[in-house]
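One-letter residues, chain by chain:
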Amino acid sequence: ADKVTLQLKWVTQAQFAGYYVAKDKGFYEAEGLDVEIKPGGPDIAPEQVIAGGGADVIVDWMGGALAAREKGVPLVNIAQPFKKAGMQLVCPKDGPIKTEADFKGHTLGVWFFGNEYPFYAWMNKLGLKTDGGPDGVTVLKQSFDVQPLIQKQADCISVMTYNEYWQLIDAGYKPEELIVFNYSAMGNDLLEDGLYASEDKLKDPAFEDKMVRFVRASMKGWKYAVDNSDEAAGIVMDNGGQDENHQKRMMGEVAKLIDNADGKLDPATYARTAKALLDQKIITKEPTGAYTTAITDKAIK
Amino acid sequence: MDSFRDKLIPVTSILAGVMVVWYIMAVILNAPFQRDLDRRAGETPDVVEFIGKTMSQPKPTLPAPHQVAVNFFENTFLRKITSNRSLVYNAWVTLSSTLLGFAFGTALGIVIAVGIVHVATLDRSLMPWIIASQTIPILAVAPMIIVVLAAVGVTGLIPKALISTYLSFFPVAVGMVKGLRSPELTHLDLMYTYNASPSQTFWKLRVPASVPFLFTSMKVAVAASLVGAIVGELPTGAVAGIGAKLLAGAYYSQTIDIWSALVAGSVVAALLVMVVGIAGRIVDRAMGGRPA
Amino acid sequence: MSDLLSLSSIAPRSWQGFAALALLAGAFLLWPLVDVTPGYDVTTGVLIFFLLLLAIQFDHFPPVARAIFLFIGAHGAAWLLLAGITGNEGSARASFYLMLAAAWLLAWRCVTVLSALRPTSRWAATALRLIIPAIFGAWILIIWEAVTRGAGIPFILLPPPSAIGVRIANSLPVLAADVRQTIFKAVIFGYVVGSGAGFLAAIAADRVPFLRRGLLPIGNMVSALPIIGVAPIMVMWFGFDWQSKAAVVIIMTFFPMLVNTVAGLAASGHMERDLMRTYASSYWQTLFKLRLPAAAPFIFNALKINSTLALIGAIVAEFFGTPVVGMGFRISTEVGRMNIDMVWAEIAVAALAGSVFYGVVALFERAVTFWHPSVRGG
Amino acid sequence: MTGASPAVVSASKLGLTFQTSDGPVQALSNVDLTIGKGEFVSFIGPSGCGKTTLLRVIADLEKPTSGAISVNGMTPEQARESRAYGYVFQAAALYPWRTISRNVALPLEIMGLSKAEQAARIKRTLDLVNLSGFEQKYPWQLSGGMQQRASIARALAFDADLLLMDEPFGALDEIVRDHLNEQLLELWERTNKTICFVTHSIPEAVYLSTRIIVMSPRPGRVSDVIESTLPKQRPLDIRETPEFLAIAARVRDGLRAGHSYDD
Amino acid sequence: MTGASPAVVSASKLGLTFQTSDGPVQALSNVDLTIGKGEFVSFIGPSGCGKTTLLRVIADLEKPTSGAISVNGMTPEQARESRAYGYVFQAAALYPWRTISRNVALPLEIMGLSKAEQAARIKRTLDLVNLSGFEQKYPWQLSGGMQQRASIARALAFDADLLLMDEPFGALDEIVRDHLNEQLLELWERTNKTICFVTHSIPEAVYLSTRIIVMSPRPGRVSDVIESTLPKQRPLDIRETPEFLAIAARVRDGLRAGHSYDD
Ligand SMILES: Nc1ncnc2c1ncn2[C@@H]1O[C@H](COP(=O)(O)OP(=O)(O)OP(=O)(O)O)[C@@H](O)[C@H]1O
Ligand SMILES: Nc1ncnc2c1ncn2[C@@H]1O[C@H](COP(=O)(O)OP(=O)(O)OP(=O)(O)O)[C@@H](O)[C@H]1O
Ligand SMILES: [Mg+2]
Ligand SMILES: [Mg+2]
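Protein chains in written order, with my numbering: chain L, 1 to 301; chain S, 302 to 593; chain H, 594 to 971; chain W, 972 to 1234; chain U, 1235 to 1497.
Hints listed in this document are in silico derivations from the structure and should not be mistaken for laboratory results.
Only a predicted model underlies this, so the values are computations on that prediction, with no experimental measurement involved.
Any given hint could be a false lead.
[As the list claims (entries may be wrong)] With a Cα cut of at most 20 angstroms, we get these calculated EDC-like pairs of lysine to aspartate or glutamate:
| hint | chain 1 | residue 1 | chain 2 | residue 2 |
| --- | --- | --- | --- | --- |
| 1 | U | K1349 | U | E1311 |
| 2 | L | K174 | L | E253 |
| 3 | S | K381 | L | E244 |
| 4 | H | K882 | W | E1052 |
| 5 | S | K479 | H | E958 |
| 6 | S | K381 | L | E253 |
| 7 | S | K505 | U | E1315 |
[Stated by the list, open to error] What follows is a list of derived Cβ distance ranges for each label pair:
| hint | chain 1 | residue 1 | chain 2 | residue 2 | range |
| --- | --- | --- | --- | --- | --- |
| 8 | S | H419 | U | M1345 | 18 to 28 angstroms |
| 9 | U | A1480 | W | L1084 | 48 to 58 angstroms |
| 10 | W | T1036 | U | D1395 | 49 to 59 angstroms |
| 11 | L | L278 | H | A762 | 23 to 33 angstroms |
| 12 | H | F611 | S | L486 | 48 to 58 angstroms |
| 13 | W | R1189 | H | Y876 | 47 to 57 angstroms |
| 14 | L | D243 | H | A859 | 44 to 54 angstroms |
| 15 | U | R1484 | W | G1044 | 50 to 60 angstroms |
| 16 | U | D1395 | H | F881 | 52 to 62 angstroms |
Heads up, the beta-carbon is just placed ideally off N, CA and C, and yes, glycines get one too.
All chains should be modelled from the sequences, with the hints used to inform the complete structure.
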C-alpha cells in the first residue's frame, strides 16, 4: 500500500474524527493507502512539518497556509472539509458587552498561532484599534481553555463551537446567559480546517493520484462520522482522545460545519480569507494557485 | 539514621502547615466562581455548605488537597498500568526519555569537560558559549527541534531525550570542569615527579578527584533532564507522558488532573534525585569516603 | 620573503594546515563550487584559494603575525564563500563544504595560536579573552549560514543568521517593547522578589533550627521539581499580565536561593565560628561579620543560576496567556505566522539578555568575593 | 606563688568524651588543674592527647562531660560572655575578606569600642608583632608566619587578662619563633596576664613557662607537672644553661613515658 | 668525601624569578651547589627563602630562569623522566580515595611493576615506617604523623637513589620526630642514598646531615655551608655533646645573620 502521513493541527479530538474513522473503518486501506495520523499540539506548526518532509498532507487553516506559501513553502489546498468556521466570540450576558458597539474599551481574549486572523479582520471591519488604547479594544493572548472568562480576566473570549463553548456550559453557564458572535453567522468567517499538500509534489501524477484516493477516503470517513457521531467519538477516544462525553458533543458540533462532505472549497470564502490576510499584511501579494479543485473534482464525482 | 528522626517531626509539621494554608487558599480562590455559580442557579447556601462546595468543584481554580490525592490515587493504583490514563504509564513515558536524555547529557557534559580541561583552545573559547546556550528559552526551540528532527526521520523518544540532553549537559560540564581541575597542585606535582603519562594522571588522579563533583552535578542534571522531557512532550501532540497530562489538563481546564500530574512529576523528581544521591554515596563509600 | 618562497617551508606547520591543504586539493579536483551558472566567477575562486594558501604559508611567521594572517585568510575566504552562495541557495556542491572546512580548520589554528600567546599587558590579555570566544561564536554563525544557504534549507524551518540579523535590525521597536514587558517587568521583579524571599527564608530557617530541619529537605526536593508545570496555574491565579509571569519567576528563583544560602551559612569554618564565640558575639554580629561574607560565593552561585532560570520561566509562562506583547508571546505567535526569523530574533535577544544578566552578576561576584580563592586564582 | 594568687582556672576531675559514629572517644579524663593569676602554663604532649580539647573546655567551646571547671570563679560560659580571655587558634583563622587591620579590629567592633580606640589598639598590637606597614594587605597576601602573627595581634587587641594560645608558633621558623617567644615573655611580664600555652616544642615550653603540664594520650590525662625554677628574666641563651637542659630532660622523659609510636 | 664521589646534583649561578601579578619575585639568586653521592644535605633558612623552590628546581618542577643545573649528569627533565629521585612533599599529599597500601602502590603502578613486586615493596616500606597493620586504612583514618610516614613510605617504595625531602617531619611531635630521625639515618647509612632534606629545626639539621646549607631570603641565596664533623654513627644523645651544640650554634648564627623580622 502507498504510505501517506497526515499531520493534524491539534491534539487528537473529534475535530479530526473523519480521518480517524477512515483509518479505523478501513476506508484508506480500501483505497490502497497506509495512512499514519500524527496528532499536533499547541506549538506544532503543521506547515513546518510538511516543509521538513515530515508529512505528505496537513490539516491547516487557510491563513497559516497562505503565510507559509509566501515564505517559500508552496502549500496548496486540495480539499476543504470544513465549510463553515467553528470559531466564535462569546460574552456573558451579565457583562458589559451586548453588541458589536460595546467592544470599545474592553478586553477580548483571542487565540494566536495563526488563529487570530479572523478576529483582526473583523475588528478591521468594525474600525476598532487593537492596541489597547481607550478607543479600541485590549487583546489578550488567551490560553486554550475558558478560564479567562471564568476568572473575569476578559470580557469576551474566543471559543470553538465544538469545543471550548461546551467547557463554558460545563462550567455552569447556560446558553441563554451567553452572547455569541459567530464568525460564519456574521459572514466574517475565514477558511478553517482544510487539507494541504506541496505544490511541487502534486506535479507528480502518482502523488496526485495518491491524494485523490486519500481525499476520497477521508471524505467518506467524514460522511460516516457525521452519520454515526457517537461511534465516531468512540473511535477518537480509542486513538487517544480525552473525555468521551466531550468528544460526543464535539462530534455533533463538527458535523454542522461539514455540510455535505464533498470537500469542495467555496471561492467566496477563499477570496474573503485572502483579502483579510492582505489587509492585515500577513501576506503582501495576492496569492495565486493556492488552491486546486482538481483533486476534489476527481475524488468526488 | 537518627538525623532522619531529627527531621521527621519538623518536615511533617511544616507539610501539615502547607496543607492548612492550601485548604484555606482553595476556599478563597474557588469562592468567587462558586458565588457566580450559586447566583446564576439562584441558590443561597450557608457558610459550611458553601465551603464544602468550594472544595468539591470539578474544575476548581485551586483543587483542595484531598481532591488531588483522590485523583492521584485513582490514576496511579486503580488504572491498568498500560492505560493511557494511568499516571504510572505516563510517568514511565516521561521517565524513559528523562533517563535517556540524562545519560546523553552526562556523557556530553563529561566529554566537554575533558576537552576544556585538556585542550587550551577549547578552554578559552567554549565556556562563554556554553553559558549563553543555557539562556536560550528551550521551550521556544523545542517544537522546532522536534520538527527538524522529525524531518530527518528521528521521532519518538529521541527528540524529547535531546531536549533533556540540552538542559542536563550544562551542570555536568560545569561541575566536571571544576572536578577535573580540583586536584591540588601537590597531587599533580607528585604525578609529575613520577613522570606519569597524561592518561595515567587523568585516570589515577583527575577522575577519582572529580567523582564528588560529578555526583553533585548529576543531581542537578537529572532534575533538569526531567524538566526537559516534560517540555519536550508539550509539542509532540500530547500523546503520553507527564507533560502531555499537564497539557491535556490545561486544555480542558482539568485543574485536578494538572495538579496530580504535578504531584507525579514531583514523585519522579524526588526518586531520581534520591537514586543519584544513593549511587553517589555508594561510590563515595567504595572510594573510602569519610562518613559525614 | 625569500623564506616564504623557499621550497623547504612550503609544508604546513600544523595538522590543521595539512588537513586544510588536503581539503583545498579536494575542492580543486571537485570544482566548481555550486551546481548553477554563473555561480562563482574565476577571480573570486582564485582569491579564496589565495587567501587560504596565504594563511597556511604564514604559519611560519612569528606568533602575532601568524595569528593575523590566519585570521584574515580564514575569515576572508569564509566571507567570499558566503557572499557567493547568497542567491545560489541550495546549489552547493561538496567542494563548497570542503573549502569551508579548510577555512574552519585555519580559524581553529588561529585560535590555537592565539591561545598560546601570553601577552604581558593587561589590556592585550583582556582583548584576547574576548577575541578567542568571539571567533568561536562567529564560526557557529558562519557554518549555520553556509549550511542553511548551501543546502537550501526551507526558510520556515531554519533561517540563516544573516536573515535573522536583518530581522533584528528592522524590528527594533517591537523587540524593545517585548524586552520591556518580559524582562523589565516580569523578570526583574520576579528575580528580585524571588531571590530576596529565598534569602530571607534562609535566614529565618537558620535562626529557627526547627524550620531549617523541616524546610531544607522540602526545599531540596522542590528545587528539583519541574516548576514549569505551575505556569498555567499562575496565569489562572494572577491574570494575563506580567504579574503572573513574575509569580512563576518568583517560584523558580526562590528555592535555589534558599538552598544555596542555607548551604552558604553553614560554610564558614568551625574555627572561624569558634572565634566569634570566644568574643561572645551575638547571633546577628556573627551573621553579618562572618557567616554572610563566607556565604557570599554560594549566594552568588544562586544568583547566577537564577539569572538564567528567571528568563526561561518568564518566557515559558507567556506561552499560557499574555497581553499581545512580550518575548514569549512573540515567539509563539510568530511561529504560527511562519515568521521564523522573528522567532530567532527573539531567541537571540533572549540569549543576549541572559548572557548580559549573567555577566553582570558574575562581575558583581568578582567584586564582592574578591577574596575567594576561585576569584583570586584567575 | 601558685597557691597564693587567686585561681584563674580551676578544674577538678574534668572529663570529656566525644560521641562519634565509631563509638565514644575519651579525650580528657580526670584532669585536676589550678592556674593562678599571672602564671604562664604550658601544655605539652603527643598529638591527639587532648591539649586543644582542654583549652577549648576552658574557653567554653566544648562542654565537659564530667567534673567541674571554673574560670575567674565563674562557669566558662559566664567567663566567655564577660569576655574574660583571648584565644589564639592553632591556625590563623583570619577572615579573607578583611584586611589585616580590619581583622584585628573584628573583636573590637564586636565589643563596640569607639573608632579612635580601635585605631589605637590596632596600631599598638600590630607594632608589637612587627606587622606595621601591612595593615591594608589581605591575609592571603601574607606568608603563613605573618598570618599567625596577625592572629596573635588580634587576640592581644582584645586585651583580656587570660590568654589561651594553641600552638601559636607552630608554623614559624626558629628565628622568628625565638623573637616572638621573647616578645611574648616581655608582654607577659609587663602586663601580668595569665597565659595557657600549648606547644609541641620542649625548649619553647621550658623557656616560656612557670609551669609545664605534660599530658599523655588515650584518654588525655595530666601525667606530669613540672615547676620551672628559672628566673622571670630569661635571655635567649638561658637555653644553654644546665638548669634549662635539666628541666628539658625531665619534660622529655615525661613525654616519652606516655608515648607509643603508632600514634 | 664530597669532592671524590661523582656529583649527584650540581648547580652553578642558579637563579629563579617568578612572574606574579604584583611584579617579579626573585626566589633564588646565584646558587652554587654540588652534592656528591651518598651525602645527606640539609637546607635550612627562614620561611620563604627558597628552600622548597630549590628542591623543586632539582626535581624539574620549576625551570630555573638563569644558571645551570644537572642531576646525575643529566638535565633535571631527563633525570625526572628516568625516575631518578623520590620526592616527599611538605604536606603528606596522600590520595584520599586510596588506602594506605594503594597510596604507596601508586608510583609502582605508574612504573608498571608486577603485582608481586608491588606487594613486596609495599610491605617492606610500610614496615620501615612502622605502619604495618594500617595497609587497608584510608588516610583520614590516620593521624597527621602517620600520614606523613605513609608519604615517606611512598617515596621510599619508588626506590630512587636520590631522595628529596621537604620538611617531612614538620607536622610531627618531638618524640615521633626523634624516632623517625633515627630511622632515616639508619636507612641512609644502609642504602647509601643521597638525601636533600629541608627543615626548620636546627637540631634536626645538625643531627642528620653531613652538610648543612644555610639560606637567606629575598632573594634566596646560600649564605653559609657548614660541614658536619659528627661521626656517621649518631645515637640520639649525641645532641647533648658540646660538639653538636657548637655546630648548632654556628647554624643559628648563620641563620640569624640573614634574617629580618618582617619576613
Ligand atoms: N569534635 C571531635 N569529635 C570527636 N573526636 C574529637 C573531636 N575533637 C577532638 N577529638 C579527639 O579527641 C582527642 C584529643 O584531640 P585534641 O585536638 O585535643 O588533641 P591535641 O592534643 O590538641 O593534638 P594536636 O597536638 O595534634 O593538636 C583526639 O583523639 C581527637 O581525635
Ligand atoms: N609559584 C609561585 N609564584 C610566585 N611566587 C612564588 C611561587 N612559589 C614560591 N614563591 C615565592 O618564592 C619565595 C620562596 O618560596 P619557597 O616556597 O621556596 O620558600 P621556603 O623556603 O620553602 O619557605 P617555607 O619554609 O615557608 O616552606 C617566596 O617568597 C614565595 O612567596
Ligand atoms: Mg591541637
Ligand atoms: Mg617550603
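These are the hints, each one checked on the structure:
1. U:K1349 - U:E1311: violated, 28 angstroms
2. L:K174 - L:E253: holds, 17 angstroms
3. S:K381 - L:E244: holds, 18 angstroms
4. H:K882 - W:E1052: The given pair, whose Cα atoms are some 18 angstroms apart, holds under the 20 angstroms limit.
5. S:K479 - H:E958: Between K479 (chain S) and E958 (chain H) the Cα gap is close to 17 angstroms, so the pair holds against 20 angstroms.
6. S:K381 - L:E253: violated, 32 angstroms
7. S:K505 - U:E1315: holds, 18 angstroms
8. S:H419 - U:M1345: 18 to 28 angstroms: holds, 24 angstroms
9. U:A1480 - W:L1084: 48 to 58 angstroms: holds, 51 angstroms
10. W:T1036 - U:D1395: 49 to 59 angstroms: holds, 53 angstroms
11. L:L278 - H:A762: 23 to 33 angstroms: holds, 25 angstroms
12. H:F611 - S:L486: 48 to 58 angstroms: violated, 36 angstroms
13. W:R1189 - H:Y876: 47 to 57 angstroms: violated, 37 angstroms
14. L:D243 - H:A859: 44 to 54 angstroms: holds, 50 angstroms
15. U:R1484 - W:G1044: 50 to 60 angstroms: holds, 51 angstroms
16. U:D1395 - H:F881: 52 to 62 angstroms: Given a distance of about 58 angstroms, which is inside 52 to 62 angstroms, the answer is holds.
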